[in-house]
Every structure is written in C-alpha cells, then in structure tokens.
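Please build the complex by placing chain B on the supplied structure of chain A, with the hints as guidance.
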Amino acid sequence: MEDVIIGLEIHVQLNRLQSKMFCGCSTAYHNSPPNSHTCPVCLGLPGSLPVINRKAVEYGIKVGLALNCRIEEETLFYRKNYYYPDLPKGFQISQYDFPLATQGQIMILGDDGIERDIRINRAHMEEDPGRLVHAGTIDRAKYTMVDYNRCGMALLEIVTEPDLRSPKEARAFLDKLKSILEYLDVFDGSLEGAMRVDANISLKGGDRTEVKNISGFKGVEKALSYEITRQRNLKRRNIKVVQETRHFDEVRNITVSIRSKVEAHDYRYFPECDLAVMRIAPWVPAIREALPELPDAKRQRFVSQYGLTDDHAKSLTSEIKVANFYEFVAGQASPKLAAVWIADVLKGELNYRDRGIDAFRAEHMVEIVDLLEKGRITEDGAVAIIRELLDKGGSPQEIVKSKGLGKAEDETVRKAVKEAVAESAAAVADYKAGSERALNYIVGQVMKKTRGKADAGEVHRLVKEEVDRA
Amino acid sequence: MLSELKEQLPAGSAVEYLEKLFEKIEKSRLNAFTSLAKESALAQAREFDKSPGKGLLAGVPIAIKECISTKGIETNCSSRILRGYVPPYDAHVIERLKAEGAIVMGKTNMDEFAMGTSTETSAFGPTRNPWDLERVPGGSSGGSAACVAGGEAPCALGSDTGGSVRCPASFCGIVGLKPTYGLVSRFGLVAYANSLEQIGPLTGTVEDTALLMQVIAGHDWRDSTSAKKGFSLEGLKDGVKGLKIGIPKEYFGEGVDGEVEKAVWNAISTLENLGASWQEVSLPHTRYALAAYYVIAMSEASSNLARFDGLRYGLRVGEDQDWHTTFSEIRSQGFGPEVKRRILLGTYALSAGYYGRYYLKALKVRTLIKNDFQNAFKQVDILASPTMPIPAFKIGERINDPLSLYMADVFTVPINLAGVPAVSLPCGFAGHLPVGLQLMGPHFGEAAVLGAAQAFEEATPFHEARPEVI
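Protein chains in written order, with this note's numbering: chain A, 1 to 470; chain B, 471 to 940.
Only chain A is shown next, with the shape it has when bound in the complex (with noise of 0.2 Å):
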C-alpha cells in the first residue's frame, strides 16, 4: 500500500507501577468495586496537591532509552485544560514542551519482508483520566457513570511519525511496542485498558483523519483497514477527506465521525507550577546501564548460543515470559528440540484456548521434550500430552500412563527381553532349576539392550513372564 500513511499515537499505561502518577493510590483496581482506589489528590479535591511517582519517571525513561530516544535533562509538566467528566481537576497534568522523551527509532518487518526503523516522534508522561461507563452505546446512553478507579494512573503517549504503511505494518508495529514494554516490566497488556491506540491515516496527497481510542491490535487493524476503504472510495468519487477526528464503533466495525477540525479544542498548555522540576539527567546512565536484554538482541542471542533458525528465534523472543519459558527448558533439554515443541506446538495450542504461557508448566514441557529425544513417545502422543495437560491437568508421566502413550517403548522393551531370553539358554536353564537369581542376568542383558533406559522392575517381570512361557 505505497499510498497509505499512518501514523500512531499510544497511550500506554505504566500498570506495573504500585502506585499512581502523583498519589499514593494502588494501582490494583481492576477487580475493585467502582471508585474504591480514589483520594483527595486522584480526585482532584480543592486543595488536593499532585507529588511525582519518581518510579513513574524511571519508568518513563527506561521506555524512552529501549526506543532508543534521547532523554530530557528536566521534567517539565503541563496543565492540558478542558472539560469533561472523567477529568475531575478540568484540567489533566501532561506534559508539552520538553517531552520526556524524543527522536527515538524501533525495528519492525515491513510488509515487503525487510527490516526497517520506525521512527518515534516523541513520549511524553501523563495522567490517565477516569473512566466513563455508557449506560448502552456512547451516541444512545440515557445516562453515564464515572468511575475514578483508573483516574491518576500514569500514562507514557508514545507518538510515531508517519512511517507506517498498512494496517499489518501498524499491528506488527504495536506487537514489537508491547513486547518491548513487557520485557521493561513495566507494562502488563494483559489488564484492561492498558494499551490504547489513535492512530493518523491519510492517502497520499489528501487530508488526514484521525481515528481516536481503539483498544485492541485487531481493532487497530479493522479500523484502519475500513478508514483507507473509506478514504478510497472517496477519492474514487472525487470527494475531499474532511480532516476530523473519528471514533472507531467495534460492534458495527466502522469509523464515525466524532468532532470536525473547526471545533478543535484550545487546551491552552501552561506549566503546572504545584510540581518542582526533577533533574533526571543523572538518572540515566543507571537506567541505561540496567536495561534488560530487548527482543531483537534475545533473538539473535537464541539464535547463535541455541542454534535456532531465526523464525524460531522471533516467534520466543516476541513474549518475554514465552522467552524465560524457553530458556529454562533449553537448560535441561534438547534447545533445539524444545524450540520446535515450544514454538510450532505449544503456542499454537495455547493461541487455540486464547491462553497464555502461565497456562503451561515449564517442568512438564522438559519432561516432555526429554521423552521425546529418549523416543519414548511419539509425536503424536506428544501433542496428546500437551492438549491433556492444558485441558485436564496432571502430569506427563501419569498421562503417558493412563492412556499408554509409552506403547512404543514398551514394544523395544518386550523385543529386547525376548531376545535376551533367547540368547541365554544357560541362565534360562538354571532359574528352572530353582535359582531364582539367575534371572537377574537375564535383565542386565536386557538394561544392556536398551541402553539403561527401561524401568528394570518392569523388565523383571517381563523376564519373568517370558521364561515362564518358554
């Protein structure tokens, strides 16, 4: 789509924090009752007074340092003024000028299957307002609910310059931006409202829209796809783009338009003089130096130190919990074997139940992975395993046990006994005679057979029962 221009803007929530952006509130609330973590300040009661969440900032730089932007020496913060009622100061602390962070770059893969930079224009902290609950749809409600819960929570707005060039390339752009932020540990995506999206669209040439509040990448891919449809069946009838905002409608899968360009709000910035301004210019060289190992590193890591094909190393590298899981089976079991398994199988079936990796006991997938590489199951009872442990529960061995899925083993088993049996004429001989030890030779001959890896109570009496027959 050489025509197609996106650009992205990203509110992220810093929701690893414990406490909010400028109170002590906790920022557990996402099982709460309806304004139960609230206080004078998140309220914004007279005479409440904001104090920074220095971790906040912290946070806000390690973000800006794994984007790889350069960083302010000062923290500057702005009141952005307007009116609404999930904004109980009428105004929200934000920042404007000297933004925390700037001229920052990552890597995603374009469309044309090569690597390219986005660049970051800009991230800059700020206050999460609350939350407004619709009684029925936003343009239908008969009334409305606030809840302060989420008010105060800090927010990183991360914005990109135009360099998107698709909807997929905006998706893969939002995967890599969260995987980057969950490696930081200071994001979890998988709470509510933790990632929102407004994203810029135009096609070459005409005026741009911007399509506002989209939670979700499949909804940033639907509502991007349907936006350049729209903007192209414009041109096509040879109508202007009106430059607007529009709100993205999950249910009808469409873009509305919300506010016009003539009604743009003044939220006439000014500097929030209730907060002291912070030197984190020292701060930095510490951040910088603790950053974790980020995705594309791990990957290229994984692929020279476990000898990964670069598709494997990008698909465990994408989660860091997927890459942690990965790195503890690889410790104790084949890595190569263990990224097949982990990768093509695992994922899959755990995509399939819309499950994470926590579903998944890191000690079972060795488990798995060592019965495999001893050819002790197949793979088909692999996959066996796998669906019973995320479906059922229990355990490998049980589970091999209880629907015998070691039934090739056993068949090694049995062929060796019997030709251990056959080969000792003279061991056989004697135990018929009475000496019960004799048989004991017999089942070393066997252990010998299968190189040490049968169960030898087993062999015993597999021994035994062959003998008998004989």
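Be a bit skeptical, because a hint or two may be false.
[Said to hold, decoys possible] Using 20 Å as the maximum straight-line C-alpha spacing, the simulated DMTMM-like pairs for lysine to aspartate or glutamate come out as follows:
(1) A:K142 x B:E789
(2) A:K448 x A:E373
(3) B:K831 x A:E379
(4) A:K212 x A:E192
(5) B:K834 x A:D97
(6) B:K714 x B:E750
(7) A:K314 x A:D97
(8) A:K168 x A:D147
(9) A:K176 x A:D97
(10) B:K864 x B:E808
(11) B:K524 x B:E477
(12) A:K142 x B:D790
(13) A:K142 x B:D792
(14) A:K464 x A:E419
(15) B:K848 x B:E720
[Said to hold, decoys possible] Covered, in the sense of this in silico footprint (three residues per stretch, anywhere, with C-beta under 8 Å from a C-beta of chain A), are these stretches of chain B:
(16) 555-562
(17) 655-668
(18) 882-888
Since the hints were made in silico from the structure, they are not lab data. Glycine included, every Cβ here is placed at the ideal spot set by N, Cα and C.
Okay, now just chain B, sitting in the frame of chain A:
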C-alpha cells in the same frame, strides 16, 4: 497576646472563654464568620479543661479562612458553587494546629475564592470593618482580620495571593504575615493562583504571628513546592541596631494617601531612633507588577477553578441534562461576577495566539521583579513601605470599578510575584482608620522582618489600640 491567654486558660476555663467568643460572634454585626464549629470546638475545649495539653497552642481558639480545608467543617471559599462541600481531610496547617492543641472555632468570610480586596465579593455578603462598620475590612481574608481586630477570635489564619493577608491586617489595625513562598505547605488550601499564594497568620501582635508561624511552617512532602526549611523565633527580640532599611521610591508619592504616607514615614523615623538606618532604593519594574500579577493570577485561576463542575460535590441546579448544559448552568449560577470576570480573562490570556503576548510576557516581568528585589537586598536588609496606599474605603464605594480595586494592590502584589516574605503591622491612623506598615525581606528572611516589626511594636502603642465594636 496569645502568651497571656495561654497562661490564663488553664487557670480559668477554655469552655467559658470559647462560649463568650461564640456569644459575641452571634451578636456581632461584623459578619466575620461564615460558620462556627461549636460542637467540635466545645468538645475540644472540655477536653482541654479536663487535662490541659502542653502544645504550643493548647486550648487556644483560632479562626480559619473559608478556603483552608477543615475535615468535617464546610469549606466553601465563600462561593455558592461550593455550598455543602465538607472536606474529608484537613489541610497541613490544620493538622499542625491540632497537633499543638489549637481549637478550630469556625470559618471566616472572604472574597469569593479570594478574588478581591474588600471581602465584598463573598456569597455571604460583605464583612464590616470593626473600626467603622460602613467600611470594608480589606480582603480577601477580611473575615479573619475583622474577627481578630473585633475581639471575636484571639488569632486567625488567612491566605495571601496578592496581599490578601496584609491588606485586611492593614485596614483592621492588626499584624498579618505573608511568608516566603514554600515556607508553609499549601496542602489543603483551595487554590486561586497556586504559584503566588501562601497561608499566613493574622494576630494582634508580632509575637503571636511568630508563634503561629512556629506551628504552621515547615516541610510537607505533600506540597512539592514546600521548602525543607522551618521557622525559628531566634533573633525576634534582638532589636534593629545596625539594620539597613531600604525605602523603595516607587512605593511612595503619587496615589498614596497623605496621612498614610505620613504615618509610614513616622514609623521609619521610629525605627531609625531605635538604631536602624534607612536609604532610598529603587524597584524599577514596580509599575509593571500589577499587570503581570493579574495576568498570572487570572490565568492560573481559570485552570484552578475548572474542577468546580458540580459533578462530585458542591452546587447542583435544576434537573440534570447533558454534560455541557449541566456544568455550564452550574458554573453560571454558582460563581459570582468577579470570579467569572477573572476566569474569562485568564482563559483569554492562555488561549492559542495570546499565550505569548500575555502569559509568557507576564512571566518575564515576574523574573524582572524578582531581580529588582534581589538587587535591593544586596544593599539593604529589609524594605519598608505602606501596605496599602489608602485606608479602608466604604462598602460599595469601589466594587463596581474593578480597575480601581485592582490598583489598591499595587504595593502588595510585587511581594507575591517575587515570593519574598512581608508583614503588615499597625503604625498609626489616618483619621479614625488604622494604617499598616509593610516590612519586606529576602527569601526566608522572616526573622529580619519580624525582628524589626517586634522592635517597632515594643516602641509604639498602635497594636494596643482596639476598636469599640457594638
């Protein structure tokens, strides 16, 4: 004096003393109080009578300006829009007062949201000057000054954004201090112009002001502009021998009432006789101070007052309609004309296209004014001037001429722009009306300012003069 009162209280009865005050207030024509906290105050007094505490203000009643948050006591800034708002928390200064055993006896009248010089813009009607009931007590902390001067409270707290403690202290013939910006925590002070204002004491004597400062000053982490400094009484009684006093030439002459100027010059002579010397100095940017002050104060006010939308607390009118209609109606009925004027002007000054012309320019002037003071304090220890260019004017005389009202603040607003401390103390009379002497010091130079005030007070009888209020 509070020290005498503190000696008398344990011997007599705090309850009895408090009941006498309440009785006087209920008969009073001053309209200094907006509400009395009889129940909680008397309970505290009974407690004190049972076992007198040892706090610096044990058993001492204090009146609190309407804009300082008091837990469980309505805090409405003398505005309709906040009627019924009862804060769930105490301001820092209230916590400190309570910790030292002081008894909050009630809330005092003020100009609506502290916007005024006369206490006439209050939704509760004007407070009267105890020296002349036809005249204003000054503002905006008019209630706090009038109740102390009128013998209805032994001491009070006010707030000073552009002279709101010093002006009424001057008009009512008592002592009022605007501390260095950052010396007293603003946590719990309902903001009018947050970069300018400080809470300050209004008392009968300099010593009492110093005593209150000892209690309310000091670092508070909840106010990010709070300095890591305390206040000490050290040097308060060291006299003025060798003290160099600067007389800013811009603060005398045109526009200053002849009798006011005479009283102030007499005061300077008194200080000279006590061993101080004086010299003329220049604060060359004084003439730009008023304009800069009003641009900054109104800009900040337009944002600070945006939170009053009636959604979470305060006034609700008629039936709820859609968001914009409802909050517009609440604000149009809840705010008085002066508050609306300042919100409108402040909104204008911050608007796109005007921001640089007004707000930014005012900030530049503010820097120049700060430099003026810094330069002056290189030559002299303190500065002296009239607090107000005129004595108390008549109720209704200026209220319809906002510009002439704003002009009256000409000697008080530069102090707030510079953030330095200044005290007003009685230094004589213009006819039957008190005249205030303003002494200004460098940042955190409270000791020098109050030391000179104390020496002057010891040498003169003005602080003993009390009006006969019927």
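Just to be careful, I want the Cα atoms of K314 of chain A and D97 of chain A compared with a cutoff of 20 Å; is the pair within it? Cα-Cα ~37 Å, so violated.
Apply the coverage criterion to the region 655-668 of chain B and chain A: a residue qualifies when its Cβ sits closer than 8 Å to a Cβ of the chain, and three qualifying residues are needed. The restraint on the region 655-668 of chain B holds, since 8 of its residues have a Cβ under 8 Å from chain A and three suffice.
Starting from K714 of chain B, check that the Cα of E750 of chain B is at most 20 Å away, please. OK: K714 of chain B and E750 of chain B at ~11 Å, within 20 Å.
For a C-alpha distance cap of 20 Å, please report whether K831 of chain B and E379 of chain A respect it. Violated, because 76 Å separates the two Cα atoms, which is more than 20 Å.
Given coverage of the region 882-888 of chain B by chain A, tested with a Cβ cutoff of 8 Å and a minimum of 3 residues: Answer violated; 0 residues pass the 8 Å Cβ test.
Does K848 of chain B pair with E720 of chain B here, judged by a C-alpha cut-off of 20 Å? Roughly 18 Å between the alpha carbons, so the hint for K848 of chain B and E720 of chain B holds.
Is K464 of chain A close enough to E419 of chain A, meaning Cα to Cα at most 20 Å? With Cα atoms ~14 Å apart, K464 of chain A and E419 of chain A stay inside 20 Å; holds.
Does E789 of chain B sit within 20 Å of K142 of chain A, going by the straight-line distance between their CA atoms? 14 Å, holds
Is K212 of chain A close enough to E192 of chain A, meaning Cα to Cα at most 20 Å? 17 Å, holds
For a C-alpha distance cap of 20 Å, please report whether K834 of chain B and D97 of chain A respect it. 18 Å, holds
Against the 20 Å threshold, does the CA-CA distance of K864 of chain B and E808 of chain B hold or violate the hint? 18 Å, holds
Under the criterion that the straight-line Cα-Cα distance not exceed 20 Å, is the pair K142 of chain A, D790 of chain B satisfied? 11 Å, holds
In summary, the numbered hints that this structure violates are 3, 7, 8, 9 and 18.
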